[in-house]
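2 protein chains.
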Amino acid sequence: MRALPFLYLATILETTQVIPNNLHLLRPHSGLAGHNVEGIDCLSWRLAVETDNIRSWSTVPEDCESYVGNYMLGKQYREDCQVVADNAYTYAKNLTLGDDGLDIWVFDIDETTLSNLPYYAQPDVAFGAVAYNSTTFSEWEAKGIAPAVPANLDLYKKLVNLGFKIVFLTGRTETYRNTTIENLKNVGYTTWEKLILKSSSDSSTTALVYKSTQRAALEAEGYRILGNMGDQWSDLFGTNVGNRTFKVPDPMYYIS
Amino acid sequence: MRALPFLYLATILETTQVIPNNLHLLRPHSGLAGHNVEGIDCLSWRLAVETDNIRSWSTVPEDCESYVGNYMLGKQYREDCQVVADNAYTYAKNLTLGDDGLDIWVFDIDETTLSNLPYYAQPDVAFGAVAYNSTTFSEWEAKGIAPAVPANLDLYKKLVNLGFKIVFLTGRTETYRNTTIENLKNVGYTTWEKLILKSSSDSSTTALVYKSTQRAALEAEGYRILGNMGDQWSDLFGTNVGNRTFKVPDPMYYIS
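Those protein sequences? They're chains A and B, same order as listed.
What the first sequence shows, in numbering that gives the first Met the number 0, is residues 0 to 255, in sequence order.
What the second sequence shows, in numbering that gives the first Met the number 0, is residues 0 to 255, in sequence order.
What the hints contain is simulated information worked out from the structure, not anything from laboratory work.
In this text, all values refer to a predicted model and were calculated from it rather than measured experimentally.
Note that CB positions come from ideal geometry on N, CA and C, so glycine has one too.
Be a bit skeptical, because a hint or two may be false.
[As the list claims (entries may be wrong)] Cβ-Cβ distance ranges computed for the label pairs, FRET-style:
1. E181(A) / T95(B): 26 to 36 angstroms
2. T205(A) / K156(B): 29 to 39 angstroms
3. L161(B) / D99(A): 39 to 49 angstroms
4. R176(A) / G187(B): 52 to 62 angstroms
5. L161(A) / K156(B): 46 to 56 angstroms
6. S55(A) / T172(B): 50 to 60 angstroms
7. T89(B) / V240(A): 21 to 31 angstroms
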């Protein structure tokens, strides 16, 4: 039932507002070379973000706010997530796990296992087109009502059934441990090996360094990281990244 | 004038065939979860390929042949390339180069600086939906008439003007050195520091290992790899990848 706000938003959009058919249409171009003289081609922008060609960006370009909003609330985002999850499962089910319980799958949390879309869809957040507001985001996080990313909840359940141990490795801080545990359990993530949150001593560390350090510690404990999934490249680059990485779409924000 | 086959193809497509307006429209989905029950969502497939979530694939899915063809011959591919090149230039122009001539930019060749689209657009190649045929591809390569990727030729010229030394690092073999030189020069790549091709001893090495080894050798010679651009993740992963990498779109084939 916790997923209601998310479904509600999507339902509203699908029933009361016609999702423009030209969501993905090409903008007018001038001439054969196809260069878009004015404005931003939001599909190209999103691809460049997803492929790590645009880095350290602070907000979604103003011109792309409604594009990103329609993408995130529409079917394409869900289908994009589903294809990543499907490929992750195809990879995972063909592995032979040890019987020592040390084969792990590392999941990031925000925009990977839990979705902050109900927060990001608010007018004053504008799908990331407005500058990040740590106060209002923390208030949202504290509510503990983030819905699951459906494709990855389904993947999680399948991985648990295959015998993987699950490690959640998140940039959320220890302050939100209990809220996060409650939130995860309420939406269906009922079991895990470890939930690793940032301690106060990690506060000034980049996600890339923090997560590399934590993964190195996991491997030092004997765990084998067979899969590693996150919505940020900083979840997947660095050291000890695991045997396979999976990049979940996220055109709303960038974390280094 | 060597670019004519490429332009010709694109012109034919744009003048004699209406590019379907629903090229990027969403396929029918069943229910709110947005999961595409039958068939492949080709946009999701392409995103998953570009983000390295689908690896070691041999051919474009049959269902996506016309999607990939329309994408490659249409404006979106060129715009996607342009946005990557624009971001590469924004990065490059803000660097301060040394006066020792050791600041280099590494470019892959096929589908990065030269385009094999006239070959891939042939019905029996089908934009990669038909299995790779090394014989016919070699025949095409030997002609030395591949057009430039427009956005990256433009980037190349700007990088040369900024003072970068250019290194072409390609999976093409030494057999095609003269053809490749002629081809590069004919389309506008007129100067470079090194053109590194695979020698016979590299023939069984993966691109990832071969290119890492060659980049390590460049750094051992004192070169600083400030930028590294390729259409395959195997151009950009491994060791000695350079200060920044740029992934050029390529949904037609995969090289490990």
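* **Violated hints - listed by number, lowest first** => 1, 3 and 6
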